[in-house]
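Enquirer: For the record, the sequence lines run as chains X and U.
Residue 1 is where the first sequence starts when you use the numbering used here, and the numbers rise one by one after that.
Residue 144 is where the second sequence starts when you use the numbering used here, and the numbers rise one by one after that.
Everything labelled a hint here was simulated from the structure, so no lab data went into it.
It is possible that some hints are incorrect.
[Claimed, not checked] Sample of chain X residues facing chain U (criterion: CB under 7 Å; computed from the structure): (1) S7; (2) E11; (3) A14; (4) S35; (5) F42; (6) I44; (7) E53; (8) E61; (9) T65.
For every residue, glycine included, the Cβ atom is placed at its ideal position computed from N, Cα and C.
Here is how the chains run, residue by residue.
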Amino acid sequence: MKVDQLSIFLENRAGRLAEVTRLLSESGVNIRALSLADTSDFGILRLIVSDFEAARDKLKENGFTVGRTSVVAVEVDDQPGGLNNILHLLQDADINVEYMYAFVQQSGNSAVLIFRFDRTDEGIEVLQKNNIKIIEGATLYKL
Amino acid sequence: MIYDEQNETMPREELEALQLKRLQALCERVYANVPFYRKKFDEKGIKPSDIRSLNDLKRLPFTQKQDLRDQYPFGLFAVSRDQIVRIHSSSGTTGKATVVGYTRRDIQTWGQLMARSFMAAGATSRDMIHNAYGYGLFTGGLGVHYGAEALGAAVVPVSGGGTRRQVMLLKDFGPEVICCTPSYALFLAETAEEAGIDPQQLPLRVGIFGAEPWTEEMRRDIEKRLGIKALDIYGLSEIMGPGVAIECEAAQDGLHIQEDHFLAEVINPETGEPLPPGEPGELVFTTLTKEGIPLIRYRTRDLTILNTTPCKCGRTTARMHRIMGRSDDMLIIRGVNVFPSQIESILLETDGLSPHYQLIVNRIGNLDTLEVQVEINEGVFSDEIKNLQRLETKVMKNIKEFLGVTAKVKLVEPKGIERSVGKAKRIIDKRNEQ
């Protein structure tokens, strides 16, 4: 039920992000979802990609520091209240969202939310119990 | 004005004869009383009686800072403990302290030399001296204090810190002379301005500044803002403390070395060969009169040029150029000695951070800043910002705790720090670029 997310350390200077996208493009890796968290000195780029291993190997070869993080992808109807409902379920179960990001699917009917929980397995359990639709990694990479 | 006319204006020939006599006595003393030196002399096959001219000085062994550390705490002392009346020590926060001890006569000599320094700077017994050097194990505060007393001036032992209060004292007491680090002088000027006090209106006439490297530009800035004459003083605890050399007010052109007490050489730091006056190299001192911890050919690591031409102030002593740099990689950050290797061990002890790092030193406003850039690796990387920031804070805290300096810690990408072929370039010092 988990999705592999690629996390990349980036110094906060011109051209570093472009260097990542160039390397991915060279290896024919497609980006499904992305989020960039930053401070004044550095950023962490979080990516869901079509081919995790290929992307990681290419970036490592080129000296980037990368990590693998297990995140959870959830599909909700693209309408008001979709995210709110899920956050309340998590709150009731005392599960903390470390960070999240979202994108709208091409069809436009649903949104995909990517969550990083402090307790991933318990988070998944809560979502399943409440019949929230979780997207498998394999499905997401191919979307 | 000259405090000790006889010793400060002695014809060079006479001075050199005195130096030789004292050097010979020194060699006898250390050979007899300090096993460390006896061993060093024996290894070189030298007996004290072999020293027949000042030219023989170059046959004597060097003493390094590491020797003082290896002999920690009292191994280089040449007198028994009961003759020692004062102990000073350099920053020993990482166990690398150097300890020095003074006999009663050493303290007297030190006071006399500081009194000479004051008078060279134009201070007299009628002046009041605001002493903002730290009192304690550091030699600055007490060295200046005893000198001011020997001179017969009034000393205000304010020590470091409490800047607003210092400004108030400068205004209320009206001292004519101030002693502190050059960067603190500028900080005082700023603080005064903020408090609505024009520092140029203070009765201050002269400042004696040392304990950190500074530039001609900084001197002009201090002189303009405080409306004083700013003079450079040099000293190091291993040799004595402040007052080993000082600029004279009359010429402000190089620091007069108290040559009747300290024999100065400039050597090529690579080969150890002595260099003639006028050539830049590493400053080396032999303490001619010290009793507590006499040192033979102590390598200061400070780079300078010796000038033996007569000075218009009338003193015949050799002058040294303001310190132009270091022959090792020691940094002085706000008066604290920092070696890159100390930072390195802190990084390695902190959760296995990479040993690739670089120190960026700058002067922002009047304050030295230190930035430690360290490469991240997969072992410490996290996808969460807060974890990485926690790591930066932890390193910062450790540096503060072990070295006593505040540093900004910045994580950079692997290979973000330039690799050099030979010796790693650990330091980028931007302080001299201004």
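Enquirer: So, for every hint listed, does it hold in this structure?
Expert: To see whether the hints hold, each was checked on the structure:
1. S7: Because about 4 Å separates S7 (chain X) from the closest Cβ in chain U, which is inside the 7 Å limit, the hint holds.
2. E11: holds, 5 Å
3. A14: Check failed: Cβ of A14 (chain X) comes no nearer than 14 Å to chain U, outside 7 Å.
4. S35: violated, 10 Å
5. F42: Result: holds, 6 Å to nearest chain U Cβ.
6. I44: holds, 6 Å
7. E53: Not OK, violated: E53 (chain X) not within 7 Å of chain U, min 16 Å.
8. E61: violated, 12 Å
9. T65: T65 (chain X) check passes; min Cβ-Cβ to chain U is 5 Å, inside 7 Å.
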